[in-house]
Amino acid sequence: MSASLKSLLFALGLCVVCSLFLTAASSGLRPWQERNALIDRHRNILSAAGLVQEGRSYPAAEIERLYRERIRPLRVDPAGKVLEEPDSAQSAAGLPIYLTVEEDDVRGYIIPIESRGVWGPIQGYLALDRDGKTVKGFAVYQHSETPGLGGEIEKKWFRENWVGKKIATREGKFVSVGIAKGRTEAEVPEEKWPHYVDGISGATLTGKYLAAGIKDTLGRYEPVSVMFRKNQLAALGLPSTAASP
Amino acid sequence: MNGVVAKPWAAVKRTASYKEIVKALWKANPISKQILGICSALAVTVQLQTAVVMGLALTLVVACSNLTVSLLRASIPRNIRIIVQVAVIATLVIIADELLKAFLFEVSKQLSVFVGLIITNCIVLGRTEAYAMNNPPGRAFLDGLANGLGYSSVLIGVAFLRELFGSGRLFGYPVIPEAFYAAGYVNNGLLVLAPGAFIMIGLFVWLEHSLLGKD
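Chains Y and R supply the protein sequences, listed in that same order.
Quick note: to get the numbering used here, add 1489 to the position in the first sequence (first position is 1).
Quick note: to get the numbering used here, add 12 to the position in the second sequence (first position is 1).
Keep in mind that the hints were calculated from the coordinates and are not lab data.
These numbers were taken from a predicted model, which means no experiment stands behind them.
The reader is advised that the hints may include incorrect statements.
What the hints assert, rightly or not - Chain R stretches covered by chain Y per the calculated footprint, using a threshold of three residues with CB under 8 Å from any CB of chain Y:
(1) 80-90
(2) 97-109
(3) 112-120
What the hints assert, rightly or not - If the Cβ cut is set under 10 Å, some of the chain Y residues that face chain R in the computed set are:
(4) P1520
(5) A1526
(6) P1636
Ideal placement from N, C-alpha and C gives every residue a C-beta, glycine not left out.
Pulled out of the complex, with its shape left as it was, chain R reads as follows (with noise of 0.2 Å):
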């Protein structure tokens, strides 16, 4: 206890699991950052409700194929781990998928293949390959969570921008006034299209990289 308690966030921050956290979700954010996984932040992020519900889904399956993979990891044989990591992504997946489709039906019709596009979604093959193969299942699991909600947030962003401006509403609820409508503001039809979540994406590794590089 000595110091910890004092200064219990200093603490925290020195441990391994909250760097790695920071740079799932920060330092090496796997949309802005990595690039990763821009397919489908194309494709779902014109409304809120579709960004929210796929970003859910991602982090289930990357927390949950990343647990697996690390409590298998020492009875995997080697010549054949991408395959297992695939077969433990994609049934996960599917799972996701079936679970959206009896509970979300609307939103699973929306998303439609981009859920199953999970498991080619880089992100998920690369955290089980560069991180639960070799870490404990706790810190695997974090790392899933992690990188999940770094996918989730640019996602979510980037949504809220897309439907704000694009649509003039958030969660399928009109908000720009009528008012505003009457005096001659037109909602900007290209955030709908997929060039629109171009420039979104854009801005935000911007903003990233320009934030990150005064550090």
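For reference, chain Y alone in the conformation it holds in the complex (with noise of 0.2 Å):
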């Protein structure tokens, strides 16, 4: 046997076993990972809502609890109606929205944000008053931005900014919350403060698809947002007891 044929073999031998070894490594492990992603996204969902500490770490049965307690998952289609049934065929196809409650008390609701970044998606949680327009927090559990330029956008600072603006005018006209091209004060009229959050310098591409991709979402969900806005809860149909996950 030659040798190049001699290394051929090896090198597939090689190969072979890695594979396998590999495989049964990432399914193996499979159940745990899917619930730690599981954990984690609640996680992010309570920190936008402001419900969890910053810098503390919680044990995942505190978190899970937590989640329990305080959030109740939905599913709504385009108008704003609650669908019942949260595994039918038609709600699946609905946007998900998850309200925070408080002894069966609505207090805001939490959005979900998908966002073309600059070099991947970005997802993240924007949480809102029961008011439908103030911001009460901002949250980015997937991003692929470089690390302390668009990278910041998962930074406490950046999100913090977000806390107070508003999504709507006095009035209750949608215009969504911009991000400024650096300090708010500096950039933007000061009737549109509450509108735009300070940007990151380095990163105004992040910043500008973020933006736009909140808008998008934000339009998306303006009817629900709109009988926040109008004290509508009742028309929401809310269910009286916690939805599984």
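Hints given; two lone chains; assemble the complex.
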């Protein structure tokens, strides 16, 4: 047998053995990894709603308890009507929202954000107050932006930036929240301050894409926000018991 | 048993394995003497927890890849030996990464790409090529462990100082009393940034070189 044939066969054998190991590791550990990803999503929802403290680590059971007590996942159709059966095919097409509740009293709602980024999709959550206008929190759980530049979107300062901003004018007209090209006070006329957050220097494009993605998402959820703004929570047909996620 | 019982330590000190372990841990420490693996040492030493986990992951990968390569060393064709070594290392690193994602999710998020980058860490390939290809499995495994621990020891030392003086914490727990802050003590922000790690590693290199110089 020639030397090169031997090398080729050895490489082939090695590849097969290595892939067997990798497949075993990947499929064997999947249940744990999926559970971790779910808890991480729940933690981010709680973090957007301001229900967990920044920089503190919570055990998984604590996250699950908080999520069960304070968050109600629902799906709504594009007109903003709650879809009753959470598992039907019709509701799978619906828009997911998460209500934050305190002893069955709805305090606000959380919208999942999906946006284009510079290097890949950005995913996160935007929490709004029950007035349907005021941002209560913002959290990003998945992005591939450049660390130190666009990657700052997941940092505390940028996220706190969003708290208290308004997605609609005082008259109730939807305007979304934009991202300024620097400090809001320096870049934006004063009457628009409530509708802009400070941008990240060196990450203009990330800001542009994220602002567009948020405007697009909030636009789709506008019927829900209108109901909150008009205080027509009964029209949402809120279920009184917590639906399982 | 002649003389070994009387002075067991001296006998141990004469063995080849002992000499090699001391070499890996101290005299030719991968980070502070050979200046290898600096990239990950800069990135994961802001906190002790990430440094410990990274050190553990790397130690396991070096030890196991050394063992595997050493077991296969007679049958690996010379012309593709580096490819074979990298394939073995890559497989082990991905398994380590998957394990971290399953059981230490928070830490694995902080370590992000740096576990994956163990594949390209010069320490690992350096040990398999320079040592495991020419030595029996038991010795190769020990050599891997010792080099991994040599790497971890510097990582943990740097992380200890960076976390203590950079954020006033150890393993995430505040250790500097509030009274210090009230009296005007401030955490050194530079240590949390990458330049802080450079300076710390530089000090470790200096320390080791000056101590070795006296021998």
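We went through each hint and held it up to the structure:
no.	hint	verdict
1	80-90	holds (count 3)
2	97-109	holds (count 6)
3	112-120	holds (count 5)
4	P1520	8 Å, holds
5	A1526	8 Å, holds
6	P1636	9 Å, holds
In the structure shown, no violation is registered for any of the earlier numbered hints.
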